[in-house]
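Chemist: If you want the building blocks of each chain, they are given just below.
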Amino acid sequence: MTGLWRAIRRIGRTAEPAPAAPVAPRPAAAVELGGSVNVRHVDAGSCNGCEVEIGSAFGPVYDAERYGARLVASPRHADVLVVTGVVTRNMAEPLRRTYEAVPEPGLVVAVGDCARNCGVFAGAYGVTGAVGDVVPVALEVPGCPPRPDAIVAALRTLTGR
Amino acid sequence: MTAPLLLAALGTGSAAVLAALVVPRRGRPAAVGALTGVSGALGAAAGTVALLGGVEGPGVFEIPVGPVHAGMIEPGHFRFSVVGETILKFKARLWFVHRGVEKLFQGRRPGDGVELVERISSDTSVGHTLAFSQAVEDAIGTAVDVDTRRRRSVVLELERLYNHVTDIGALCNDVGHGVLNAHALRVKEQLLRVNDRVTGHRLLRGALSPGAADLRELPDVAELERIAADVAETVGLALGHSVVRDRFTGTAVLTAAQASDIGALGYVARASGLLVDARHDHPTVAPLPRLVHEPTGGDVLARFCVRAAEFARSVAIIVATVAELDGRPAAAPSAPTGGPGSGIVEGWRGSIVHRVELGPDGTLTRVKVVDPSFHNWPALPVALADTIVPDFPLANKSFGLSYAGNDL
Chain W
1 MTGLWRAIRR IGRTAEPAPA APVAPRPAAA VELGGSVNVR HVDAGSCNGC
51 EVEIGSAFGP VYDAERYGAR LVASPRHADV LVVTGVVTRN MAEPLRRTYE
101 AVPEPGLVVA VGDCARNCGV FAGAYGVTGA VGDVVPVALE VPGCPPRPDA
151 IVAALRTLTG R
Chain H
1 MTAPLLLAAL GTGSAAVLAA LVVPRRGRPA AVGALTGVSG ALGAAAGTVA
51 LLGGVEGPGV FEIPVGPVHA GMIEPGHFRF SVVGETILKF KARLWFVHRG
101 VEKLFQGRRP GDGVELVERI SSDTSVGHTL AFSQAVEDAI GTAVDVDTRR
151 RRSVVLELER LYNHVTDIGA LCNDVGHGVL NAHALRVKEQ LLRVNDRVTG
201 HRLLRGALSP GAADLRELPD VAELERIAAD VAETVGLALG HSVVRDRFTG
251 TAVLTAAQAS DIGALGYVAR ASGLLVDARH DHPTVAPLPR LVHEPTGGDV
301 LARFCVRAAE FARSVAIIVA TVAELDGRPA AAPSAPTGGP GSGIVEGWRG
351 SIVHRVELGP DGTLTRVKVV DPSFHNWPAL PVALADTIVP DFPLANKSFG
401 LSYAGNDL
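Keeping their order, the protein sequence lines are chains W and H.
Residues 1 to 161 in this note's numbering are what the first sequence spells out, letter by letter.
Residues 1 to 408 in this note's numbering are what the second sequence spells out, letter by letter.
Next up, chain W with everything else stripped away, as it sits in the complex:
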């Protein structure tokens, strides 16, 4: 146990100073969420690259939680769906049902180029379309994968913090 305390003391705080708040306008539906947004992640057909960076965004260095965004385990606990990847034929229905399970207003953030416009997987036979073809999208984060600071900036646009 003393080893752990020593490590914590030696390393100290790893979160980087918060960058300036994003200037993008806050979606009107996000205002009623106050400063707190519970996020459910849905992989609709991702190559798992965006997951690596969402993991970084909620990790100790970028620390998205300090801006009021928090990952939750169920869509029924969530205000926002963060959807990654193209929507495959096999994930179109699960994505629709997950969206229906989110309480109103149920905002969707499409993270990554695949979620926005199918990216390099456009035209593949297993692909239904982009996220916007299946559920309404409130916010998009470009990048393949987006860098963690871009994901954090999108979440801050929703929390307004």
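It should be emphasised that the hints constitute simulated quantities derived from the structure, not laboratory data.
Each residue gets a CB set at the ideal place from its N, CA and C atoms; glycine is no exception.
One or more of the hints may lead you astray.
Claimed, not checked - Now the stretches of chain H that chain W is said to cover, found in silico as 3 or more residues with beta-carbon under 8 Å:
#: 1; segment: 68 to 79
#: 2; segment: 112 to 123
#: 3; segment: 183 to 193
#: 4; segment: 232 to 239
For chain W, the structure is supplied; the task is to place chain H on it using the hints.
Modeler: Showing chain H alone in chain W's frame:
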């Protein structure tokens, strides 16, 4: 029909027997004792049985999970047949992220396939791109010089580093030690920034292609050695914690015989005592001595320890390779080999195999991709027999399987 009889019949593999096995599901419920017998035998009969129906009987219930999971993982649907907390049988239904990647390669020139191959399973961008590049080089009968192969080896090990440390942290998190996970994620971010400097991309994309390995700079070996010491401290703190060690020990055991029967690959196989490693079996640079590690009991502890040992080993490989690259003249390219176009690479999960066929116009007419997860997924239900449901996330993470790489 008793359980041993069923399984003996299954050994023949005939379709008629399989059909007969599926139908009696709705028949007279068996006693729990007999069901436990089925579960024990399931372990021996490997993945074939896992494809069949659930288990029914007094006290047995089924827990459906997914495809949208509670954690941040890829989609798959799981069915646990349980009595109390104990898993009698686990079925994994995959293919939710089947995009049709292999078909999408057809008609492209090999260089245009790189953007696709980097995104088969992005946590293994380097492994897949390297296997694809080797397959294309094999098909057109060219060989790359030894320094290119060394640069490829460096980025392959960099990919192993960030993935291993992420999962080392996640395993600690799954047994409730969130502080160690935070330390591991801090190191992961340091490594992703190393990747960014070396290749211009945090997931190491853009560096490799058929015939080439273009790095912006070589990694700073002193920094990597500091990171290795940092990770060794985290691993030591984990293994010195009695609760972490207790949860890891004896959980989700995959015996050497089961791993061998299924054809498990990578650290999953090595944690069960098998010696499979494409870096030794199909080397592209001088093969290093095999990594000797303990324990090899095939449980979560063994898989954790193997990955911790591999982290230190990968840093040592990078340090040695960077020293070889430094100032030495490139060796002459070896003679063109020709033959079938295939490439084998030891990615961080295990051996990745790509096979390509090129048409007369030089475009790809067929690309076949086998991610090690395809071989390791059937091992998970076997290891889960007699494991408890609350240990499933831990067991699943210890296997560290790719859904995207399996589903393609």
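Chemist: Any hints from earlier that this structure breaks? Give me their numbers in increasing order, please.
Modeler: Going through the list in order, the structure violates no hint and respects every one.
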